[in-house]
Structure formats: structure tokens, C-alpha cells
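Student: Chains A and B, in that order, give the protein sequences. Heads up: the first sequence at position 334 corresponds to 334 in our numbering, and the numbers run straight through without jumps. Heads up: the second sequence at position 309 corresponds to 729 in our numbering, and the numbers run straight through without jumps.
Keep in mind that the hints were calculated from the coordinates and are not lab data. Don't take each hint at face value.
Said to hold, decoys possible - Taking lysine-lysine and the DSS-like style, the derived pairs with C-alpha atoms no more than 30 Å apart in a straight line are: (1) K503/B / K227/A; (2) K806/B / K112/A; (3) K345/A / K532/B; (4) K799/B / K690/B; (5) K55/A / K448/B; (6) K244/A / K532/B; (7) K100/A / K765/B; (8) K144/A / K28/A; (9) K273/A / K379/A; (10) K520/B / K475/B; (11) K100/A / K620/B; (12) K28/A / K765/B; (13) K112/A / K620/B; (14) K787/B / K100/A; (15) K752/B / K386/A; (16) K520/B / K248/A; (17) K690/B / K668/B; (18) K765/B / K379/A; (19) K787/B / K200/A; (20) K520/B / K251/A; (21) K620/B / K270/A; (22) K620/B / K367/A; (23) K765/B / K55/A; (24) K55/A / K244/A; (25) K55/A / K532/B; (26) K55/A / K503/B.
Said to hold, decoys possible - Covered stretches of chain A (in silico footprint by chain B; criterion: 3 or more residues with CB under 8 Å from a CB of chain B, positions within the stretch not fixed): (27) 8-17; (28) 66-77; (29) 228-242; (30) 292-302; (31) 328-334; (32) 394-401.
What the hints assert, rightly or not - Between beta-carbon pairs, the in silico distance windows are: (33) I417/A / T507/B: 43 to 49 Å; (34) K799/B / G318/A: 45 to 51 Å; (35) L663/B / S256/A: 31 to 37 Å; (36) T545/B / P320/A: 24 to 30 Å; (37) G257/A / T545/B: 17 to 23 Å; (38) I267/A / Q467/B: 42 to 48 Å; (39) N45/A / A785/B: 47 to 53 Å; (40) I417/A / S838/B: 21 to 27 Å.
Even glycine gets a Cβ: it sits at the ideal position worked out from N, Cα and C.
Protein chains: 2
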Amino acid sequence: MNAEIISIGDELLIGQVINSNQALIAEKLNSAGVFADRMTTVGDNEQDIIDVFHKAFSTHDIVAVTGGLGPTHDDTTRAVVCKFFDTDLVMNNEALDNVKNIFAHRNISPHKINEDQALVPRTCTVIQNRFGTAPGYFFERDGKYFFVMPGVPYEMKAMVDDFVIPFLNKQKTGLVIRHLTLKTTGIAESFLAEQIGDVKNIFSPDSRITLAFLPSPLGVRLRISVKAGTIDEAERNIQEVELKLRGKAGKYIYASGDVELENAVGILLKENKLTLAAAESCTGGLIADRITNVSGSSEYFECGVITYSNRSKIYELGVPADAIRQYGAVSKQVAEAMAFGIRAKAAVDIGISTTGIAGPTGGTAEKPVGLIWVGYSDKDETFALKLQFNYGGGRRVIKERAAQAALELVRRRILKISEE
Amino acid sequence: MNAEIISIGDELLIGQVINSNQALIAEKLNSAGVFADRMTTVGDNEQDIIDVFHKAFSTHDIVAVTGGLGPTHDDTTRAVVCKFFDTDLVMNNEALDNVKNIFAHRNISPHKINEDQALVPRTCTVIQNRFGTAPGYFFERDGKYFFVMPGVPYEMKAMVDDFVIPFLNKQKTGLVIRHLTLKTTGIAESFLAEQIGDVKNIFSPDSRITLAFLPSPLGVRLRISVKAGTIDEAERNIQEVELKLRGKAGKYIYASGDVELENAVGILLKENKLTLAAAESCTGGLIADRITNVSGSSEYFECGVITYSNRSKIYELGVPADAIRQYGAVSKQVAEAMAFGIRAKAAVDIGISTTGIAGPTGGTAEKPVGLIWVGYSDKDETFALKLQFNYGGGRRVIKERAAQAALELVRRRILKISEE
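Kindly produce the complete structure, drawing on both the sequences and the hints.
Tutor: Shown next as C-alpha cells:
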């Protein structure tokens, strides 16, 4: 079965909102053996929406629509859906109770526009909303499936998890699709490609297996995709390719699937009973933010400091004022003193640090924007690595790349992987 | 002129990558008076790409394509573009020099697959790439414009800024489109709608003005859109509507346009010559990360600490061990002591703090997941606000909402806006 994912909303067309819903729905559909081969975005315009519905319904088995179900005057999806399926609105009592409960929980009374959200197309199956007031709708016509959901990502996600995927899993799709992503960092795409060599040596061109290189500022992901007749066959093929890729580029692979570097580092710290603290200057808290995105990080993350001023580098971390005067705040010496300082102060096993020039201002000929020192300290060694990033992605990308490099340094030191 | 934006890449269709390119291009096109009324995503499949190119070229004046121009075997866009425009590849010397320069800068030699990126369709105008090795292409046919660019966001953005927008600005579009977004936080969508009242009292329905409510976990944005014959008329209409909206809901509006709350707070701190420090527990560095995303934040941001352990709350901030024992780490007393502690230690004007339960674990009946205390301290007052978020968006959204609330608290205290 193939699917088209349709997003509705002027805010998407003028570029004000980045659409994360399409990716989430596509990934979930894949897990149920459904491949989305088209994604479309249209505005809150009746004729455009109808056109896109007709086209999608005539070329796809499944249509998933999000957006435009809110309570305000600019939300038009519900009316267009009624027109498309030639039906009218009725009050749904369960949805109305849901609206009332949500407002009762906040100790406030719903307004009429809130209660009106419980009006649904007469001929649909209602998909209740666990986290918001707008219900979703499901239509089945001529063996095809049409899902309509709100645009709020977590409301939509709950409907996909609760309703769409269980429903599709009950239907027979006859094709198993599986993907596995291996995440690398610290190596450029073309060098990784060379390390891996000709893909014909990894799988035969007619095997329904594909390998894609997906570069980003934080690293290159290797995505293995297989289509197969059975789950067993699909998983066996994935595993074989994974093994071969790890044989060729294993040291650069920090995780597979959805796992972030901070999760991989967290697992290593926990397994080795090590604790960590971070002293950040140019990354401004991003390393700590990433580490603490992991539930349970309090087991190994003791504390972080963001020493943005020179003064705070001295009083928070004991960086010698002389070192800052002589070498500058962005220097090997200061990065090392910061990593050592936070390790000593927090009484942890590993201290990491960053100091650099995130830009756009503050660069010089000798120390240009994008120059970063990443410091590392454990009981055996204290050192710092010099990195030079280009400013193409701006200040934020410099911060992200520096934080990534610091986390990767911790991973490689725990695993005793050499730097080149 | 209308436009269709086309993204190419299997990684988008399986949901592995969130597409931020379409939003960026749409926004830039708008600034040149071009409205993108359709966005489409297809995979790395020749027939699908050709179909989408034909449809887009027959219904739109402008087609902007991104993705699939990389050096590896899964990138197919260039070959399909040659087929669509019935042309072949030639080496472009400027693009080849660019490839060589990029590699020379890294002190490494380009491989053949890197040099081959300088092969371009014979009949196109080449768009050089300032930040990467893959050039873009421009075709003009029958008064319609076709742009092809790489999928790497900052490479694409530079091409849009350097080439696409200057080119379009030279053409006459005859219609001025302007948008203004007013960003609010701390008020629910339906209450904001009530505060604003019937939009007919703000602008007449036939005035080519629209107002949209765009809710997100961090707040509701109000987007004013106008179409007009002249820039003057468009800007006058925007200003009138803005003034009326500010009259009705001004205290909730922290910024307009692209300005983030951390920028708005930064400006207030600078104008009032105030300095800030943050003591974070549940937000884990996110407040500092956001503050330091602003270039020049070192002028007012002295330092931050992430006291993830109870022990570090005591030794870093001087929180009384008794308070933690008696009330728990997630409590009014500890939030206040943290805000006071960081202000005293860093010798700044304002200290803020967060302590809460970001989940998914750690909640109890009395202190459920999503409970957050935000502390504030200046020379006149030290207090904490209690917030309760639902867990719909997960741990990350709890962190984001808590960080937003802390920054908003600083804004309201500097402006002496009362809570409720």
C-alpha cells in the first residue's frame, strides 16, 4: 500500500512553520509496511484542498491529512472534508466530554468555540484526541483509507499511535519495509564513501536493498533500506549489510536508529560507572542541555557551568588569570584548565570543556570565527583538541558542531578510540 | 507570480529528516512578492521526479527544487534534470575551482566523485555554491523560472540569497505580499481569541487582510497577512492591524517577526543595563543555551550553572541542605534559594532558576511529571512561580516550556507587567 501525506495551512506555505508532521507520519507508516511516496502542502483554501484530496485519493491507497482543525476562523479543513465526502456536521458526545474535561482540569470554563470543536462529519469514524480539543476523522471508501488529524504535533502523534497504526497493522500489506540508520560523526561524506568502497561488494544491485548517505553538519548517517516478503528476510538482510558496514567504518559509528550521541555517551558512562561534568563557554549550555535530554542522566551527570565571562572562568573553574591574559580565553591552555577545573570541582571522573568563537563577531586573523577548543580531563590525561568550522550555517550550527565534537570526544576516550 | 517548491529525497519520505528547506524558500520567495501555493516531496525516483516537474511547470511560474545533488550513488536529481530539459553534462571550470579550493582549505585532495560535482547541465545557468561542492542550476523557459539547488540547508540558503531573490526582484511581480507575526506566550489560543474579539472590528472582510492564530507549546503567534498594490499600502495596512491587536493583547506580545524571546529579553537587559545569571535544574542548560544563541549576549549574561544533583545545588548555589530535605528539590523554597544563590554568587542584577520534573519518570501523586518551579531574584524581591505542564509533548517539550516561562518571567519583571 502506498500513501500520500497532506499538510494544510497557510503558515506552512509562507515558511513560518517548519513542517515536522510529514516526517513523523512517514516514519510511523513505514513501521506498518506502508510507504509514503508523496508529500504535499497546501494553504487554507477550499479549492486547492479539494484538488489535492481528489488527486491523492485517486493515486494512493492511504491519505493522511493534518492541520486546519483548530477553533479559530482561519481553520477550514473540517468544512472542506464535509464537502469532499458530501456530509454535514453532528455533535460527538465523547469529543464534547473531552473538551469539558480538558477545561475542568485547568479550572476554567470552555467557550462556545471550544465546544464546537466536538462537531464532526456525520459519516466519519471519530478519532478521539488525548491531548487536545479537536478530534480526528477516519473515512473508508472503496478499500481506501482517509485519515484527518490536527496539526499540533503531539496531538497528531497520539492519534497515529492509538488509531492509525493499530488499524493499518490489522490490514494485510504483503510487503515488509525495514530501515536501519547508522550514525557517524567526525568524518566527511566523501571519505566515508571511500572507506566503505563500492556498494556492489556489500549487496547485489538486484537485492531490493539500498544504501543512502545522508550528510548534515553533525555527521553523516548511513541508511540501509530493504523491501522483503517476510519480516525475517528483511531483518536478516539489514543485519548482513550492517555487519559489513561496521567492518569498514565501525569506529565512526556512534549509534544506530534514533539514538542520539548523548544517549550513546550516557549508556557508556553508566556501563563504566563514570560521572561527567561540563564547563562550557562557546556552546553556552548546549552540551548540558543535550545530556539532560536523556531521562536518567542525573545518574552520571553531576553538574555543568556556563562560564561566559572571563571572570566566571576564574571564580567558577579556577582557570589561572595569567593563562587568559597570556593566551586568550580561546586557547588550548584555557580549554584544558576549564576541563580540569570542572572535574576537580564537581569531583567527577570526566570533565569536558569548550571555548571558541561562535560568531558572527569576535573573530581575528589569528583566531577566526569557528575556531573551537574542546578540552578533556580524566584521572590519566588532560588535553584539548583544536577544531575549525566554517560559518556557513551561522552561530547556531557552530554551537551544535562544537557540542557534538565534545560529546564524541567523551565517547572515543571511553572506548579508547584514537584520534586518527 | 506563484511558485511550487519541490524537495527530492528518500530520506524525507521515510521520515528520517525533517524538511526545513521548504519553509525557508517559501519565506524568501514571499519577500520577493512570490507566493508558494504548493509544496511537494518525492523520492529519488526518476519517473516520480519527472511527473512532479511536469505538473509543477505547467501550473506555476516558478519552480524551486532542492536535494539529490550530492556526490554519492543515491543522488539522482542532476540526471533527471538533464532528461527533463533534454540536455547533457559539461564540466564547469568555476565550479571545479570551487571544489579544489574547498579541499585545499582542508589540506586534503579531492577525489574523483568530488570533482565530478562540477559537471553541470549544458543549457543551464550555473549557480555557484559558496559553502559546498555541488553547484545549482537555473533554467528559463517560456517566461517561467526553474531553480535547482542542493539540499544542505545553508548551501541552499546562500544560493537563494545570492541568486534567486536578486533575480526575482529584477522581475516585475505586480503584487506586494507582506506578513507580520506578533508572538505571544503565557496565554491559551481560545483566550487570546476572546481578548482580541471579532476580527471584523479589526479589518473589513474584503480588505485582502487575513489574521491567523498559530498555536505551539511555547505560545500563540498572531500572523497578519496583506496583499496590496503597493508597498506603502501593504505596510500601512499591516501597521494599522498591528496597532489594534497590541491595544487588545499587548502585554502578551513579546516580539514581532523572527525575534525570539531570548532576543527580546536580551534587548531589555541591555537597555536597562542589567546583568543576568541562570541556575538550572530541570531545564538542564536550555535557558543558557537560548540566551547564548544571541550574538553579544556576553554583555549581559555573566554565567549559568546546571545543578543537576542535590549536592551541586548546595555547593554551587548555597541552597540549604535543610530546605532540600524538608521540601524536596522540586519546591518553592529550593527554586527561590537557587535564584537568590546564583544572583549572589555571580554578582548580577537578576538571577533565575528552574527546578521541576521533566519526566517521564520521577513523578508522584503530590508532585506529578510536568510540575515546574521557576525562581526569580533581584535586589527588591525573590519569589517562585508554580507551573504544571501536561506530558503530551514529552520530556523535551517540558524543558522547552519551562525555559520559555523563565525567560518570559524576566521580561515581565523588567517591564513591571503583573502576573495575571
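Student: Hint by hint, note whether the structure agrees.
Tutor: Checked hints:
no., hint, in the structure
1, K503/B / K227/A, "28 Å, holds"
2, K806/B / K112/A, "29 Å, holds"
3, K345/A / K532/B, "51 Å, violated"
4, K799/B / K690/B, "18 Å, holds"
5, K55/A / K448/B, "28 Å, holds"
6, K244/A / K532/B, "24 Å, holds"
7, K100/A / K765/B, "47 Å, violated"
8, K144/A / K28/A, "18 Å, holds"
9, K273/A / K379/A, "14 Å, holds"
10, K520/B / K475/B, "38 Å, violated"
11, K100/A / K620/B, "28 Å, holds"
12, K28/A / K765/B, "48 Å, violated"
13, K112/A / K620/B, "18 Å, holds"
14, K787/B / K100/A, "24 Å, holds"
15, K752/B / K386/A, "43 Å, violated"
16, K520/B / K248/A, "27 Å, holds"
17, K690/B / K668/B, "28 Å, holds"
18, K765/B / K379/A, "29 Å, holds"
19, K787/B / K200/A, "57 Å, violated"
20, K520/B / K251/A, "28 Å, holds"
21, K620/B / K270/A, "60 Å, violated"
22, K620/B / K367/A, "57 Å, violated"
23, K765/B / K55/A, "64 Å, violated"
24, K55/A / K244/A, "42 Å, violated"
25, K55/A / K532/B, "43 Å, violated"
26, K55/A / K503/B, "25 Å, holds"
27, 8-17, "holds (count 8)"
28, 66-77, "holds (count 5)"
29, 228-242, "violated (count 0)"
30, 292-302, "holds (count 8)"
31, 328-334, "violated (count 0)"
32, 394-401, "holds (count 5)"
33, I417/A / T507/B: 43 to 49 Å, "47 Å, holds"
34, K799/B / G318/A: 45 to 51 Å, "29 Å, violated"
35, L663/B / S256/A: 31 to 37 Å, "54 Å, violated"
36, T545/B / P320/A: 24 to 30 Å, "57 Å, violated"
37, G257/A / T545/B: 17 to 23 Å, "42 Å, violated"
38, I267/A / Q467/B: 42 to 48 Å, "43 Å, holds"
39, N45/A / A785/B: 47 to 53 Å, "48 Å, holds"
40, I417/A / S838/B: 21 to 27 Å, "56 Å, violated"
In summary, the numbered hints that this structure violates are 3, 7, 10, 12, 15, 19, 21, 22, 23, 24, 25, 29, 31, 34, 35, 36, 37 and 40.
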